[in-house]
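> For reference, the chains in residue letters:
There are 2 protein chains.
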Amino acid sequence: MDPEERKKLPSPHNLPTGDFYLYPMTVTIVKALITERTVNVEWSDGTVSDFHFLWLRDNCPCCVHPYTLEQTYEIVNAPKSLKPSEIEVTTEGVLTIHWEPEEHKSIFHPGWLKEHCYSNEKPLVKEAQKEIWDSSTREKPDEYEWEQIVKSEETELQWLQSIQNTGCALLHGVPLTEQAVGEVANRIGVVKLSNFGDFFDVRVDFDPVSNSNTGLELPPHTDLPTREYQPGMQLLHCITNEAQGGSSVLVDGFRVAEELQNKHPRAYKLLTTVPWDFANRSRTSDYRWKAPIIGLDDDGECFEIRAGSWLRHPLQAPPELMDEMYEAYQTFEKTTHDPQFQIRFRLESGDCMLFDNRRVLHGRAAYESESGNRHLRGCYIDRDELRSRIRLLQGNHRRHLILSEIER
Amino acid sequence: MDPEERKKLPSPHNLPTGDFYLYPMTVTIVKALITERTVNVEWSDGTVSDFHFLWLRDNCPCCVHPYTLEQTYEIVNAPKSLKPSEIEVTTEGVLTIHWEPEEHKSIFHPGWLKEHCYSNEKPLVKEAQKEIWDSSTREKPDEYEWEQIVKSEETELQWLQSIQNTGCALLHGVPLTEQAVGEVANRIGVVKLSNFGDFFDVRVDFDPVSNSNTGLELPPHTDLPTREYQPGMQLLHCITNEAQGGSSVLVDGFRVAEELQNKHPRAYKLLTTVPWDFANRSRTSDYRWKAPIIGLDDDGECFEIRAGSWLRHPLQAPPELMDEMYEAYQTFEKTTHDPQFQIRFRLESGDCMLFDNRRVLHGRAAYESESGNRHLRGCYIDRDELRSRIRLLQGNHRRHLILSEIER
Chain A
11 MDPEERKKLP
21 SPHNLPTGDF
31 YLYPMTVTIV
41 KALITERTVN
51 VEWSDGTVSD
61 FHFLWLRDNC
71 PCCVHPYTLE
81 QTYEIVNAPK
91 SLKPSEIEVT
101 TEGVLTIHWE
111 PEEHKSIFHP
121 GWLKEHCYSN
131 EKPLVKEAQK
141 EIWDSSTREK
151 PDEYEWEQIV
161 KSEETELQWL
171 QSIQNTGCAL
181 LHGVPLTEQA
191 VGEVANRIGV
201 VKLSNFGDFF
211 DVRVDFDPVS
221 NSNTGLELPP
231 HTDLPTREYQ
241 PGMQLLHCIT
251 NEAQGGSSVL
261 VDGFRVAEEL
271 QNKHPRAYKL
281 LTTVPWDFAN
291 RSRTSDYRWK
301 APIIGLDDDG
311 ECFEIRAGSW
321 LRHPLQAPPE
331 LMDEMYEAYQ
341 TFEKTTHDPQ
351 FQIRFRLESG
361 DCMLFDNRRV
371 LHGRAAYESE
381 SGNRHLRGCY
391 IDRDELRSRI
401 RLLQGNHRRH
411 LILSEIER
Chain B
11 MDPEERKKLP
21 SPHNLPTGDF
31 YLYPMTVTIV
41 KALITERTVN
51 VEWSDGTVSD
61 FHFLWLRDNC
71 PCCVHPYTLE
81 QTYEIVNAPK
91 SLKPSEIEVT
101 TEGVLTIHWE
111 PEEHKSIFHP
121 GWLKEHCYSN
131 EKPLVKEAQK
141 EIWDSSTREK
151 PDEYEWEQIV
161 KSEETELQWL
171 QSIQNTGCAL
181 LHGVPLTEQA
191 VGEVANRIGV
201 VKLSNFGDFF
211 DVRVDFDPVS
221 NSNTGLELPP
231 HTDLPTREYQ
241 PGMQLLHCIT
251 NEAQGGSSVL
261 VDGFRVAEEL
271 QNKHPRAYKL
281 LTTVPWDFAN
291 RSRTSDYRWK
301 APIIGLDDDG
311 ECFEIRAGSW
321 LRHPLQAPPE
331 LMDEMYEAYQ
341 TFEKTTHDPQ
351 FQIRFRLESG
361 DCMLFDNRRV
371 LHGRAAYESE
381 SGNRHLRGCY
391 IDRDELRSRI
401 RLLQGNHRRH
411 LILSEIER
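Protein chains in written order, with our numbering: chain A, 11 to 418; chain B, 11 to 418.
Just so you know, the hints here were simulated from the structure itself, not pulled from any lab data.
Remember, it's a predicted structure, so these values are computed and weren't measured experimentally.
Warning: the hint list may mix true and false statements.
Which copy is meant is left open, so a pair is good if it fits within one copy or across any two.
To be verified - Pairs of lysine to any residue residues, derived as SDA-like cross-links and limited to a Cα-Cα distance of at most 20 Å, are as follows: (1) LYS279 / ARG401; (2) LYS17 / ARG293; (3) LYS124 / GLU113; (4) LYS90 / CYS70.
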């Protein structure tokens, strides 16, 4: 928050915390002790936190650049013998540490300290619980009105959380302009460019560079599986849809992974461990990547699906696994083609679909290009942008709550 | 290559291969047999390749869209009993397969088949052997003249391979315009945007959003370690440098990782396994990511360094590891600050430095902003773009060789 605005708050809320947020003071510090390696803090809710000396010195809220709030203290230069010479908890509930042999004083806001306590493990990049779906539990993506989102940060937050939780959301009432999809994207963050440009048009071309620019059916796939890092999210804005056919299809890739794990454990094992070859080539580019179709993180949880039947490169896998790999791949494809796992709906002019391109596969039914115009305009944006925007909106929401609390 | 140009080549070079390249016919097919699950090919160099039925059908060179060359056959629909009814090797050395129960004929170019043989394992995304360096083995990045690169694809390929192998390269003679850095980037591929825009200026600002826009020393770091996927490469184009100080510093992060692995195995273990917290926050964005500082791939090889002392977030790690984590981090920082691991040089007007931002740390000495103007302009571009451009140039080179061979 603005330093000037902060100064107007009652102490200790106006303490610099070294970051841009306000932190609630739901508990106070009852007692603080220096132990051999930590400052031990006892809170009014009965919990206890230990903060190590180097951690505290590293996070001193005054050792930051006044504008960027980026750290200016170099922890690599901290003396080996660094420790608190004296600590105190003031009557306002603030923890003050005097350091030796460095002559420096650090003042910690109790709300900030409580929020960043690491004595009980909690992940920093904590994402909301994901809602995994198929056609038995979901008919359509969650729907929102663009007009409402522009007016209300609360609605905007709900919209973005829908994308984070379910991997997709549908907007109505987006203006029918060529710029509109960029305006929707820029509300979240920075667009990700590709060799198809900043924005791409999905309609019939006479000399197409991609099957998407034909009237062909597009089976469910992720875009740019041929890149080391597939685009995190895709926006598709429908400007015109007068064609017969061309329904949109979405498939929750995490649900497909779950299905394979339960029903086809050998296929799941192969698809999560043996990398597949992808290539997207043209006269002017040659993108390739090799990675498992179902990506697992270090905890064995699915974090990414890579799929695009027509963007596969001749597979380079151990010969003794080749037949099994093809069988596993066919099982994966059959599952994504199965109506049980697909939701299907028609995009109308003014609709804009957003989906997590590393989780949700998208496709479309074939359409007759002679039956009427169909024009979608799209772009990509990374997951980082979504997470950043959600944090900001949550921070604004919290700041609002704290300020109303103080005013009461 | 252009289908019209291909038609002018002697057969079997003018066979469609399902991709954009020409393949050399260094060996011919001596014999081909149908086995239980594969077509077994014996080559004139004495080697043998097995190609599984589904693999061959999947890669049939005629089952692609005529313009995009993207596959149109759906392997998921292949009949279970699919197998060759008959195969033959023509007098021209081409392998022809008749399929049953599908009535289809596939004709394979022997050069293409040999190139994509998987009987002897070879990685698809094969990168050149990396040259790991420190100040005892390298004084400066490899140097190139921009004028030469524009004139010669061969020089361009050498330049890009320097970046791929050593993680950096230095261009001289880049025009002193605001657009020039974009022109250099676009020769390779598509620029990666960030919240700092498409291009960013490194010079002293009065209300800086980052420490880079101050005269402060910048210790060696990678840019945007706060993103799930750090930018693959960075370009820094020097438009003016009249300031005292401000030398550029590069550190090979892979060399640092090697040093830690050899001399500080416990620190190496912690830095490669326990994730660190990074955050890059402002009034309008809040990017965070949590990942080990030294990233290892599935083979245990270092593929990425994440470093930015002032972009660290309060570490959330198991309390029992906290002191050791700080010790490991200090060891890492001391190593990157050690002149033995740094190369140091001054960027002059017209120089443009490119480096792999996920491998090579960059920094600069402090400078007196009153002593003269210093203006660098930079942008990001992903590793995918570098690899794509290198493949294209290699393909052009190979095509040139094959065409001269045919003409002789």
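> Now tell me if each hint is right for this structure.
Here's how the hints hold up against the structure:
In this assembly of identical chains, the alpha carbons of LYS279 and ARG401 never lie at most 20 Å apart, being 35 Å within a copy and 32 Å across copies at closest. In this assembly of identical chains, the alpha carbons of LYS17 and ARG293 lie at most 20 Å apart only when taken from different copies (17 Å versus 60 Å within one copy). Proximity of LYS124 to GLU113 under the C-alpha cut-off of 20 Å is found in neither arrangement, the shortest distances being 26 Å within a copy and 71 Å between copies. Taking the closest pair of Cα atoms, LYS90 and CYS70 come within 20 Å of each other only inside a single copy of the chain (17 Å); across copies the shortest separation is 66 Å, beyond that limit.
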